[in-house]
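*Asks:* Residues per chain are reported as follows:
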Amino acid sequence: MKNPYLITGVIIIGFLSLVAILAPFISPYDPAMIDQNSLLVGPSLKHLFGTDSLGRDLFSRIVYGSRISLSIGIIAVGISVSLGVFLGSLAGFYGKVIDTLIMRFVDIMLCFPTFFLILAVVAILEPSIFNIMIIIGLTSWMGSARLIRSEILSLKEREFIQAEKALGASNSRIIIRHLIPNAIGPVLVNATLGIAGAILLESGLSFLGLGVQPPVPSWGNILIESKATLGIAWWITVFPGFAILVTILGFYFIAEGLKKIIG
Amino acid sequence: MDNLLEVKNLKVEFELGAKAISAVNGVNLSIKSGEVVVLAGESGSGKTVTAMALTRILAPNARIKGGEIIFNGIDLLKSEERDLVKIRGKEIAYIFQEPTSFLNPVYAIGEQISEAIILHQGKSRKDALQEAAKLLESVKIKDPQRILESYPHQLSGGMNQRAFIAMSLACKPKLLIADEPTTSLDVTIETEILKLLMDLKRDFGFSLLFITHNLSIAKKIADRIYVMFRGEVVEEGTMQSIFVSPRHFHTRELIAAYEKIGKI
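Protein sequence lines correspond, in order, to chains A and B.
Sequential numbering from 60 applies to the first sequence in the working numbering.
Sequential numbering from 281 applies to the second sequence in the working numbering.
Here chain B stands alone, though its shape is the one from the complex (with noise of 0.2 Å):
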């Protein structure tokens, strides 16, 4: 199966004054479509920069010093802007920590996620505002209708950040990266969403990255697994690989770190 997507010595760099502190140190990764890839690492190490990195929705002080990010054959990082806003929320969609700080909050749930099929499907409101309601049933949202008028503040943050994939999935995409969607909401919220982004992920049949730092949750749900430390890729394999022969010590934190829960 051919790569959806080709991270090749990917690097990053943040302007601090007249310092530059580099933040992602030539990553390399692939997802295959329909994969479900986890990029794990402490806090730090460099996953949400990389994953912001791949549509180029980085701080305006991030500079991309190189490498090359094939999806789907074309290289985002040679790409116009103009090219890569078909491609944002359309072929690659994302999913947040923090899901009711990533909503507008003078918009109604209704508005924010027909704003994506506006977009880019070109569709009138009203058609829009349809297609959302549909879009919440297929969350698992029971009375969309009362949701689609709520404000993201009378919601709570699960509810919210099933609005959220929602509205991520409005296109269809190819490649929805998860940036720790579950760190924010408690524990049982978190293995509803989880398997909900599972259930979506049979259905729409899109490739998904999820970032974590949660083995737990990678255990669960992936395919591959890569880890950061420090900006770079220090391991990478199948969930069963890495979980039997860690060769780096901080996969081997990450793993004590996990096996520590597990006896509490």
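Just chain A, same shape as in the assembly (with noise of 0.2 Å):
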């Protein structure tokens, strides 16, 4: 075991990815079915993690949330990552007004406090899937755009360069072929760490009540509805909780694992 963090990172997320796309077949009941007789039912083998107080089954909802939070967490980072590594090797690469222009731009960006800028843009659109990934991925490739511009700045003095250049390259190609795959590395790390900070926005914009909209079940939409009954319905609470934390930790320890290989 060389790397046991990455290990550990890749079952987890391995695992929780299983589930996502397996959602049917795993859950036992319908996610959004609602049963008058069991209501707030606790943890039982009829009910692995119990019900809510519409009775529905707290394990499918858990299970198919599982969608909604991954594919929230990659789909908006990867287009924070795209946008973040576009305009960052320009700005690294082109340098002078290009760079200045786009960095301001960073700096203004990271300026705005970026979860209520969420919290308004969701407020004026509609509180979508798809409307919260763009609306996420669009307020955090800073990151992404720091970190490339700065390995550029340095990979583009490097002899290899210079030689791609006296080898005939176009700008364009050696900004793709040569400098990002030889930038990417920090990117990764920060794009994974992205995943895990996605999904928690994700679920405090659910649990402000912008997020995902009931019945469709994410992870922070259950938790929100745990909050009235939070002194007699324990699980409600800990279940959804747990799958966050989890799933976070999941790509925490790929970001480490993935920083070792790096580094």
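These are computed hints drawn from the structure, not numbers from a lab.
Every residue gets a Cβ at the ideal spot worked out from N, C-alpha and C, and that includes glycine.
Check the hints yourself; a few may be wrong.
The calculated lysine-lysine pairs, modelled on DSSO-like cross-linking and capped at a C-alpha distance of 30 Å, are [as the list claims (entries may be wrong)]:
{"id": "1", "chain 1": "B", "residue 1": "K422", "chain 2": "B", "residue 2": "K288"}
{"id": "2", "chain 1": "B", "residue 1": "K452", "chain 2": "B", "residue 2": "K366"}
{"id": "3", "chain 1": "B", "residue 1": "K403", "chain 2": "B", "residue 2": "K414"}
{"id": "4", "chain 1": "B", "residue 1": "K288", "chain 2": "B", "residue 2": "K414"}
{"id": "5", "chain 1": "B", "residue 1": "K475", "chain 2": "B", "residue 2": "K499"}
{"id": "6", "chain 1": "B", "residue 1": "K500", "chain 2": "B", "residue 2": "K414"}
{"id": "7", "chain 1": "B", "residue 1": "K481", "chain 2": "B", "residue 2": "K499"}
{"id": "8", "chain 1": "B", "residue 1": "K358", "chain 2": "A", "residue 2": "K155"}
{"id": "9", "chain 1": "B", "residue 1": "K345", "chain 2": "B", "residue 2": "K288"}
{"id": "10", "chain 1": "B", "residue 1": "K475", "chain 2": "B", "residue 2": "K500"}
{"id": "11", "chain 1": "B", "residue 1": "K452", "chain 2": "A", "residue 2": "K155"}
{"id": "12", "chain 1": "A", "residue 1": "K155", "chain 2": "B", "residue 2": "K422"}
{"id": "13", "chain 1": "B", "residue 1": "K406", "chain 2": "B", "residue 2": "K422"}
{"id": "14", "chain 1": "A", "residue 1": "K155", "chain 2": "B", "residue 2": "K481"}
{"id": "15", "chain 1": "A", "residue 1": "K155", "chain 2": "B", "residue 2": "K291"}
Which stretches of chain A does chain B cover? Using the computed rule of at least three CB atoms under 8 Å from a CB of chain B, they are [to be verified]:
{"id": "16", "region": "89-100"}
{"id": "17", "region": "224-234"}
Since each chain sits alone in its own frame, please combine them into the complex, following the hints.
*Replies:* Written out as structure tokens, the structure reads:
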């Protein structure tokens, strides 16, 4: 076991992804099915994680919720990394005015309290899953942009880039084929952390009622429903909270493992 | 015979903050096709800057302040970047001092050699890799398949330099510019690489601009030599005329250094 962090992380996330993909086969009940006869039933063999105040099976809801949480995390970060790498490599490679413009824009974006910006945008637009992915992506690319810029600033002075130029490669080819593959490492580490961040952000938004809208289950909106019954039904808080915790831990482990490989 | 390359009054400056520092100040030189020309001089005399200026691959803070670089009848200083891209690597190729750091660490040797072929000849990746294997054989590498799949850090400097030469020759350039290609290698490898370059010159028929501070190398290979000192060409001539009657004191210094080594 050379890299226990990476292996543990991959096992956790691999398991969760499988759960998300196989949700219809794993969950014993329809996540939206209301059962008047079993409201707020504690964990039992019939309902592994218990039921909520409408009698819906919590286990099924958490299993389906993993689809939302994971896909929001991965797609939002996909958007933010693509945008960050694109703008950051332009800034790093061309320098001067382009660099100043892009990096000041990054500073401006960093000055916004992101969470409130997202809240405002979601309040104006419709809080659909699709919108949330895009908004999280569009407000979290600054870190990747800065990382890739600083990597490219030093890489572009290296000899093999000069050799590549001497070979007749165009600027775009040098950036895409030679600079980005050398600079992407730290960005990937940052991205795995970003997935965890995006999942937390979605949970936060859902908790405030501006995330994924019921009856579609997400870990965040299951948590908000648990608030009213916290005193009498601990399981509705504990299980989705635990799911978030494990997922984020999994991504942190992967990030940590990747850091070791790169460093 | 016509000149393949003719440089007239080339001037290059570097911008350092508000100051401009002159690195090359009015260099004239010419290379005929098939000729081996050595550009000699101490460190900082402007040899490398001159060579890099030829296809305009200087650092961003360098400014070419004037002159003409006529290659094959075209003034490269008046050419657009998109035309230069077609000349670099295809018509004029370079090999450099530290082969290992001039190769991209994330790609295998085969990928890098075939890149030159794909760039300029539009071949498929598979054909390019086959071509790369042939090129590696022509630079006298015995097991090309293994080298194709190796990464630069897995190979020795001499092996990397051979691979780099193979890459430079991929498109059969008319002019090969070798910037101290043996300085980072040990003496036995140096001799092998020099011999290889001369063999390849005969087979491929390129002109060679060889940059060095070591006159013992120059003596072995050069048809003509230019001596640079502080950004200017201070002396030029055939190898023999320079050794027999050096006029500039820097030429005498270089010869003295060469003879001193000989005595040790």
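*Asks:* If a hint holds in the structure, say so; if it does not, say that too.
*Replies:* Hints versus structure:
Distance hint between K422 (chain B) and K288 (chain B) is unfulfilled; the C-alpha atoms sit about 43 Å from each other, more than 30 Å. Between K452 (chain B) and K366 (chain B), the direct Cα distance comes to roughly 13 Å. Compliance with the 30 Å bound is thereby established for this hinted pair. The hinted pair formed by K403 (chain B) and K414 (chain B) meets the criterion: a straight-line CA distance of about 15 Å does not exceed 30 Å. With a CA separation close to 38 Å, the supplied pair K288 (chain B) and K414 (chain B) exceeds the 30 Å bound.
At roughly 13 Å between alpha-carbon atoms, K475 (chain B) and K499 (chain B) fall within 30 Å of each other, so this suggested pair holds. Between K500 (chain B) and K414 (chain B) the CA atoms are separated by roughly 28 Å; this keeps the pair inside 30 Å, and the hint holds. This hinted pair checks out: K481 (chain B) and K499 (chain B) have alpha carbons roughly 17 Å apart, not beyond 30 Å. For the hint pairing K358 (chain B) with K155 (chain A), the CA-to-CA distance comes to about 24 Å; that is within 30 Å, so the pair holds.
A distance of roughly 12 Å separates the Cα atoms of K345 (chain B) and K288 (chain B); the hinted pair therefore holds under the 30 Å criterion. Proposed proximity of K475 (chain B) and K500 (chain B) is supported: the alpha carbons are some 10 Å apart, at most 30 Å. Restraint check: the Cα-Cα separation between K452 (chain B) and K155 (chain A) comes to about 37 Å, which exceeds 30 Å; the hinted pair is violated. Between K155 (chain A) and K422 (chain B), the direct Cα distance comes to roughly 47 Å. Violation of the 30 Å bound is thereby established for this hinted pair.
Distance restraint check for K406 (chain B) and K422 (chain B): the Cα-Cα separation of roughly 21 Å lies within the 30 Å cut-off, and the hinted pair is therefore satisfied. For the suggested pair K155 (chain A) and K481 (chain B), the alpha carbons sit about 42 Å apart, so the restraint of at most 30 Å is broken. Pair hint K155 (chain A) plus K291 (chain B) holds up; C-alpha atoms about 24 Å apart against a cutoff of 30 Å. Residue count for the region 89-100 of chain A with a Cβ under 8 Å from a Cβ of chain B: 0. That is fewer than the three needed, and the coverage hint is violated.
Given a C-beta distance limit of less than 8 Å, the hint that chain B covers the region 224-234 of chain A holds, as 7 residues qualify and 3 suffice.
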